[in-house]
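Peer 1: Could you put together the complete structure from these sequences and hints?
Number of protein chains: 2
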Amino acid sequence: MNLDLIAIGDELLIGQTLNTNVYWMSKELNHIGFNIRQQITISDSEEAILDAVEAALSKSDVVLITGGLGSTNDDLTMPTLNKYFGGELVKDEAVYEHIEEMVTSRGFEMNENNQKQAIVPNNCKVVHNAHGTAPGLWFEQDNKIVVAMPGVPYEMKGMLSDIVIPWLKERYELPEIINQMVYTQGVPEAKLAEVLADWEKNLPSTIKLAYLPSPGRVKLRLSSVGTNRKALQGDIDLEVEKLNQLIPTHIYSEETEDLGSAVGELLRKNNATLATAESCTGGYIAHLITRVVGSSDYYKGSVVSYANEIKMKKLNVNQEDIENHGAVSQQVVEQMALGVQQKMNTDYAVATSGIAGPDGGTDQKPVGTVWIAVATPAGVKSKKYLFGKQREVNIERAAITGLGMLRKEL
Amino acid sequence: MNLDLIAIGDELLIGQTLNTNVYWMSKELNHIGFNIRQQITISDSEEAILDAVEAALSKSDVVLITGGLGSTNDDLTMPTLNKYFGGELVKDEAVYEHIEEMVTSRGFEMNENNQKQAIVPNNCKVVHNAHGTAPGLWFEQDNKIVVAMPGVPYEMKGMLSDIVIPWLKERYELPEIINQMVYTQGVPEAKLAEVLADWEKNLPSTIKLAYLPSPGRVKLRLSSVGTNRKALQGDIDLEVEKLNQLIPTHIYSEETEDLGSAVGELLRKNNATLATAESCTGGYIAHLITRVVGSSDYYKGSVVSYANEIKMKKLNVNQEDIENHGAVSQQVVEQMALGVQQKMNTDYAVATSGIAGPDGGTDQKPVGTVWIAVATPAGVKSKKYLFGKQREVNIERAAITGLGMLRKEL
Numbered sequence: 001m002n003l004d005l006i007a008i009g010d011e012l013l014i015g016q017t018l019n020t021n022v023y024w025m026s027k028e029l030n031h032i033g034f035n036i037r038q039q040i041t042i043s044d045s046e047e048a049i050l051d052a053v054e055a056a057l058s059k060s061d062v063v064l065i066t067g068g069l070g071s072t073n074d075d076l077t078m079p080t081l082n083k084y085f086g087g088e089l090v091k092d093e094a095v096y097e098h099i100e101e102m103v104t105s106r107g108f109e110m111n112e113n114n115q116k117q118a119i120v121p122n123n124c125k126v127v128h129n130a131h132g133t134a135p136g137l138w139f140e141q142d143n144k145i146v147v148a149m150p151g152v153p154y155e156m157k158g159m160l161s162d163i164v165i166p167w168l169k170e171r172y173e174l175p176e177i178i179n180q181m182v183y184t185q186g187v188p189e190a191k192l193a194e195v196l197a198d199w200e201k202n203l204p205s206t207i208k209l210a211y212l213p214s215p216g217r218v219k220l221r222l223s224s225v226g227t228n229r230k231a232l233q234g235d236i237d238l239e240v241e242k243l244n245q246l247i248p249t250h251i252y253s254e255e256t257e258d259l260g261s262a263v264g265e266l267l268r269k270n271n272a273t274l275a276t277a278e279s280c281t282g283g284y285i286a287h288l289i290t291r292v293v294g295s296s297d298y299y300k301g302s303v304v305s306y307a308n309e310i311k312m313k314k315l316n317v318n319q320e321d322i323e324n325h326g327a328v329s330q331q332v333v334e335q336m337a338l339g340v341q342q343k344m345n346t347d348y349a350v351a352t353s354g355i356a357g358p359d360g361g362t363d364q365k366p367v368g369t370v371w372i373a374v375a376t377p378a379g380v381k382s383k384k385y386l387f388g389k390q391r392e393v394n395i396e397r398a399a400i401t402g403l404g405m406l407r408k409e410l
Numbered sequence: 001m002n003l004d005l006i007a008i009g010d011e012l013l014i015g016q017t018l019n020t021n022v023y024w025m026s027k028e029l030n031h032i033g034f035n036i037r038q039q040i041t042i043s044d045s046e047e048a049i050l051d052a053v054e055a056a057l058s059k060s061d062v063v064l065i066t067g068g069l070g071s072t073n074d075d076l077t078m079p080t081l082n083k084y085f086g087g088e089l090v091k092d093e094a095v096y097e098h099i100e101e102m103v104t105s106r107g108f109e110m111n112e113n114n115q116k117q118a119i120v121p122n123n124c125k126v127v128h129n130a131h132g133t134a135p136g137l138w139f140e141q142d143n144k145i146v147v148a149m150p151g152v153p154y155e156m157k158g159m160l161s162d163i164v165i166p167w168l169k170e171r172y173e174l175p176e177i178i179n180q181m182v183y184t185q186g187v188p189e190a191k192l193a194e195v196l197a198d199w200e201k202n203l204p205s206t207i208k209l210a211y212l213p214s215p216g217r218v219k220l221r222l223s224s225v226g227t228n229r230k231a232l233q234g235d236i237d238l239e240v241e242k243l244n245q246l247i248p249t250h251i252y253s254e255e256t257e258d259l260g261s262a263v264g265e266l267l268r269k270n271n272a273t274l275a276t277a278e279s280c281t282g283g284y285i286a287h288l289i290t291r292v293v294g295s296s297d298y299y300k301g302s303v304v305s306y307a308n309e310i311k312m313k314k315l316n317v318n319q320e321d322i323e324n325h326g327a328v329s330q331q332v333v334e335q336m337a338l339g340v341q342q343k344m345n346t347d348y349a350v351a352t353s354g355i356a357g358p359d360g361g362t363d364q365k366p367v368g369t370v371w372i373a374v375a376t377p378a379g380v381k382s383k384k385y386l387f388g389k390q391r392e393v394n395i396e397r398a399a400i401t402g403l404g405m406l407r408k409e410l
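Order-wise, the sequence lines are chains A and B.
For the first sequence, this note's numbering begins at 1 and goes up steadily by one.
For the second sequence, this note's numbering begins at 1 and goes up steadily by one.
Quick caveat, the hints were computed from the structure, so don't treat them as lab data.
Incorrect hints may appear among the rest.
Taking lysine-lysine and the DSS-like style, the derived pairs with C-alpha atoms no more than 25 Å apart in a straight line are [claimed, not checked]:
#1 Lys408/B / Lys384/B
#2 Lys313/A / Lys313/B
#3 Lys144/B / Lys59/B
#4 Lys343/B / Lys313/A
#5 Lys230/B / Lys169/B
#6 Lys91/A / Lys191/B
#7 Lys381/A / Lys408/A
#8 Lys343/A / Lys313/B
#9 Lys59/B / Lys59/A
#10 Lys242/A / Lys201/A
#11 Lys83/B / Lys59/A
#12 Lys116/A / Lys191/B
#13 Lys208/B / Lys83/A
#14 Lys389/A / Lys27/B
#15 Lys116/A / Lys219/B
#16 Lys208/A / Lys219/A
#17 Lys408/A / Lys383/A
#18 Lys157/B / Lys389/A
#19 Lys157/A / Lys219/B
#20 Lys343/A / Lys343/B
#21 Lys83/A / Lys59/B
#22 Lys116/A / Lys201/B
#23 Lys208/B / Lys116/A
#24 Lys389/B / Lys157/A
#25 Lys191/B / Lys157/A
#26 Lys201/A / Lys230/A
#27 Lys27/B / Lys230/B
These numbers were taken from a predicted model, which means no experiment stands behind them.
Peer 2: Pasting the structure below:
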């Protein structure tokens, strides 16, 4: 079953916005068995939209469109699709009420633009937008389907996951596609590939393998296509089992890329609590932990000690150690971890101190030098790392590595 | 001058790889004056490549292709383009020598795959690949240009910047393109459009306007195309000036989307320091501030007080107020802001306390309720917000709104 994706928006064409929508949608739609034939990005113009929809429908069964559904004059998707499918624009009462509720709950009054968004083509099904005001539109013609959704990522995601995918699954009998992820942390891609070379060579030909690296982590994807989901999953489970024997300490999850959530599950299982003390990661570890639902059950808080005086006042770090060894040192990072563990009265604590860059490096401590400590009920462990030159990547790698060190203690 | 981009690769279509190439290329090519007509991603198949090239050439003057130029059997771009342009495959001595040099310098010997990469169509110009072994291909026919480049980002980037863009600039007289951004915060898109309706109606026809919303923010883009860069920029500056009179408090930058950086600049200019006390945003505000280069100059740190005991112990929040009003209340959030301001001895402080969700809401305080306070040298201000139901979006909106409230005090 072929599916085309059309993204509408000049911001994508001029390289102002990275198209993460199409990436996310492709993954979700491939997962439920669609063959994504092509992804196309076009401008906010009637001609471009009409051409793209016509071309997509000539080759594919399903066409999903994102973008250009807002309430301002540069948004042309709705009137253009209405023209293409020959409908009439009418006010939808349910949509109007939903918009009114959203607008007033945010303390604004309904204006002309808001009212305009309740006007929809009369020959489509409206797709409810739980997270925004612009409704989605589901058209069917000649046994083919065209769905238009907003370009705002969280609005589109909610709509696709909660409504469009269930409707598509009801409508089509799709093949089974399994993409089993195995999330690893702490080993670079090339090294991992070396360790797994023999295993990879002996993989059944029906299973495809991919290495997907990101800062501090490597994801492995095992995928296969067929009709019998149970048999496919059985074959893949066998290989994942072998992986667990080959690299037991490097795998942190088979369900979630989110290391904060994997660590959270372990804390919950151990009935243990956590605090953090962050210098170079500047609150990013706290964010990775607290974005997880229910994290308040095991996470007490963090001291982001950017200034040395805060390290001393709030974390009991010894002033002499800062003067003698510098803030980026084993002595300081271990005191930070122990200090926050004691002050917040938790079982575990993670602390970071490093030079995120791009400035502030020295010959002895170049940019990318990061000390990380983990305090446990049994004591404190610490390690020095040398990451790269890019500030944002260093912050992410330090945070992921800190969570990885904590995971190994849990 | 119209330009089409074609990306070739199954990893893009199944949502395994985020297409950053097309984002980067579009920005570079738009900057030198090309109009990117469309971006398309197709699979590694001869039929898809032929169709896409044919369709692109029927509408655009220049077509740039990335991907499918490797040395393995699934790489079809080179033979397919050779077929399309009716050339013959011949060995290129210069390419062969370059490949040999790269391969041997890495300690390997030339194998069959390496040798194959020196075989190129005889009716194209070869584009040197300084960072890899696969050569780029530059075809010209009927006054139109097709260039194929590898999909590996750093190989493509080197080729495009160092060779393809200079060649294109030599070949075409390109117009000047200006994209001026104006970043606003604190007003939803529909409301902003209402306030700006008259101004928008009176915009010169040469200036195009777009509204680009994201959680808590709306970007405005004013763009124009012409031959005289100075005149174009002058016209746009005039309109930005009008915007600054219409919505002075909502604009936070004309240079950067990064509100953390915009706030940082103001703090630096005022020679002022900042601390944060975060409950529901869980360190995310600290992260937005500290990911900015040089933020240690004005940022002292944060107390992420996820547990109530930390609010009391670390921020001097009154236990009775927590008991009587709850942690998500004006009383508590104001004490958090004042507490961290005093304890970290800073000029300003931001504090958040809210229900990020998806659980924990009540009738009186539903999920999405967030109190935000800003402490200044003159006192403390606070405001209650009602955001949505999605945890991650609530965290982002609360953080952006908190930074926006701080900005207005600076």
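Peer 1: Work down the list of hints and note, for each, if the structure agrees.
Peer 2: Here is how each hint holds up against the structure:
| no. | hint | in the structure |
| --- | --- | --- |
| 1 | Lys408/B / Lys384/B | holds (16 Å) |
| 2 | Lys313/A / Lys313/B | holds (13 Å) |
| 3 | Lys144/B / Lys59/B | holds (10 Å) |
| 4 | Lys343/B / Lys313/A | holds (9 Å) |
| 5 | Lys230/B / Lys169/B | holds (20 Å) |
| 6 | Lys91/A / Lys191/B | holds (20 Å) |
| 7 | Lys381/A / Lys408/A | holds (11 Å) |
| 8 | Lys343/A / Lys313/B | holds (9 Å) |
| 9 | Lys59/B / Lys59/A | holds (20 Å) |
| 10 | Lys242/A / Lys201/A | holds (13 Å) |
| 11 | Lys83/B / Lys59/A | holds (23 Å) |
| 12 | Lys116/A / Lys191/B | holds (13 Å) |
| 13 | Lys208/B / Lys83/A | holds (24 Å) |
| 14 | Lys389/A / Lys27/B | holds (24 Å) |
| 15 | Lys116/A / Lys219/B | holds (21 Å) |
| 16 | Lys208/A / Lys219/A | holds (14 Å) |
| 17 | Lys408/A / Lys383/A | holds (13 Å) |
| 18 | Lys157/B / Lys389/A | holds (19 Å) |
| 19 | Lys157/A / Lys219/B | holds (21 Å) |
| 20 | Lys343/A / Lys343/B | holds (15 Å) |
| 21 | Lys83/A / Lys59/B | holds (23 Å) |
| 22 | Lys116/A / Lys201/B | holds (17 Å) |
| 23 | Lys208/B / Lys116/A | holds (21 Å) |
| 24 | Lys389/B / Lys157/A | holds (14 Å) |
| 25 | Lys191/B / Lys157/A | holds (24 Å) |
| 26 | Lys201/A / Lys230/A | holds (24 Å) |
| 27 | Lys27/B / Lys230/B | holds (21 Å) |
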